[in-house]
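Novice: Sequence:
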Amino acid sequence: MSVQNTFPEEKKMTVIFRMEPGSLGPDGAEYVEEFCEFAQTQLRASSEYYLNWFIVPRYDKSLAEMKYQLGDKVLNKEQATKYLGMFGENYAHFEDQLEDHLEAIINQYFGR
-5 MSVQNTFPEE KKMTVIFRME PGSLGPDGAE YVEEFCEFAQ TQLRASSEYY LNWFIVPRYD
55 KSLAEMKYQL GDKVLNKEQA TKYLGMFGEN YAHFEDQLED HLEAIINQYF GR
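The numbering used here numbers the first residue of the sequence shown as -5 and each following residue consecutively.
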């Protein structure tokens, strides 16, 4: 059995990414919720075994674009960096990869 299938859910870091409707163009508000569902499916299919993804619309700009949790505990950037480091991942690289993945997912969603 692979590590992916046996890694406990409660030990996975949850990444909540809030997608701005404007990131999808001038009409983004019309389909941001559908896009978030699509993006979440895509990211979950290709993500590391130690992460859970939730892609949600960002209607409230007072909320951070990204939020990290381990169980019910909210992690700050330093804690998320430490968690990623346990798996040999660099935080800056993680963010860059997320941006690249989201760009590709946006292009896929719009059929570009």
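If you are wondering where the hints come from, they were derived from the structure by calculation, not from laboratory data. The structure displayed is predicted, hence computed values, not measured ones. Note that CB positions come from ideal geometry on N, CA and C, so glycine has one too. Possibly wrong hints are sitting among the right ones.
Stated by the list, open to error - Pair by pair, the computed Cβ-Cβ distance ranges are:
no. : residue 1 : residue 2 : range
1   : N70       : K5        : 27 to 35 Å
2   : E27       : N101      : 27 to 35 Å
3   : F104      : K5        : 12 to 20 Å
4   : Q91       : E14       : 13 to 21 Å
5   : D21       : G82       : 35 to 43 Å
6   : E4        : N70       : 18 to 26 Å
7   : G65       : Q102      : 17 to 25 Å
8   : T0        : T75       : 42 to 50 Å
9   : P20       : Y85       : 30 to 38 Å
10  : F48       : A86       : 30 to 38 Å
11  : N46       : G82       : 31 to 39 Å
12  : E89       : K67       : 27 to 35 Å
13  : L57       : D90       : 36 to 44 Å
What the hints assert, rightly or not - Using 30 Å as the maximum straight-line C-alpha spacing, the simulated DSSO-like pairs for lysine-lysine come out as follows:
no. : residue 1 : residue 2
14  : K5        : K55
15  : K6        : K76
16  : K61       : K71
17  : K5        : K61
18  : K76       : K61
19  : K5        : K67
20  : K55       : K76
21  : K5        : K71
22  : K55       : K6
23  : K67       : K55
24  : K5        : K76
25  : K71       : K6
26  : K61       : K6
27  : K67       : K6
28  : K55       : K71
Novice: Work down the list of hints and note, for each, if the structure agrees.
Specialist: Do the hints match the structure? See the list:
{"no.": "1", "hint": "N70 - K5: 27 to 35 Å", "in the structure": "violated, 18 Å"}
{"no.": "2", "hint": "E27 - N101: 27 to 35 Å", "in the structure": "violated, 19 Å"}
{"no.": "3", "hint": "F104 - K5: 12 to 20 Å", "in the structure": "violated, 36 Å"}
{"no.": "4", "hint": "Q91 - E14: 13 to 21 Å", "in the structure": "holds, 19 Å"}
{"no.": "5", "hint": "D21 - G82: 35 to 43 Å", "in the structure": "holds, 40 Å"}
{"no.": "6", "hint": "E4 - N70: 18 to 26 Å", "in the structure": "holds, 19 Å"}
{"no.": "7", "hint": "G65 - Q102: 17 to 25 Å", "in the structure": "violated, 32 Å"}
{"no.": "8", "hint": "T0 - T75: 42 to 50 Å", "in the structure": "violated, 25 Å"}
{"no.": "9", "hint": "P20 - Y85: 30 to 38 Å", "in the structure": "holds, 32 Å"}
{"no.": "10", "hint": "F48 - A86: 30 to 38 Å", "in the structure": "violated, 22 Å"}
{"no.": "11", "hint": "N46 - G82: 31 to 39 Å", "in the structure": "violated, 19 Å"}
{"no.": "12", "hint": "E89 - K67: 27 to 35 Å", "in the structure": "violated, 21 Å"}
{"no.": "13", "hint": "L57 - D90: 36 to 44 Å", "in the structure": "violated, 22 Å"}
{"no.": "14", "hint": "K5 - K55", "in the structure": "holds, 29 Å"}
{"no.": "15", "hint": "K6 - K76", "in the structure": "holds, 13 Å"}
{"no.": "16", "hint": "K61 - K71", "in the structure": "holds, 9 Å"}
{"no.": "17", "hint": "K5 - K61", "in the structure": "holds, 16 Å"}
{"no.": "18", "hint": "K76 - K61", "in the structure": "holds, 15 Å"}
{"no.": "19", "hint": "K5 - K67", "in the structure": "holds, 11 Å"}
{"no.": "20", "hint": "K55 - K76", "in the structure": "holds, 27 Å"}
{"no.": "21", "hint": "K5 - K71", "in the structure": "holds, 17 Å"}
{"no.": "22", "hint": "K55 - K6", "in the structure": "holds, 26 Å"}
{"no.": "23", "hint": "K67 - K55", "in the structure": "holds, 22 Å"}
{"no.": "24", "hint": "K5 - K76", "in the structure": "holds, 14 Å"}
{"no.": "25", "hint": "K71 - K6", "in the structure": "holds, 16 Å"}
{"no.": "26", "hint": "K61 - K6", "in the structure": "holds, 14 Å"}
{"no.": "27", "hint": "K67 - K6", "in the structure": "holds, 12 Å"}
{"no.": "28", "hint": "K55 - K71", "in the structure": "holds, 19 Å"}
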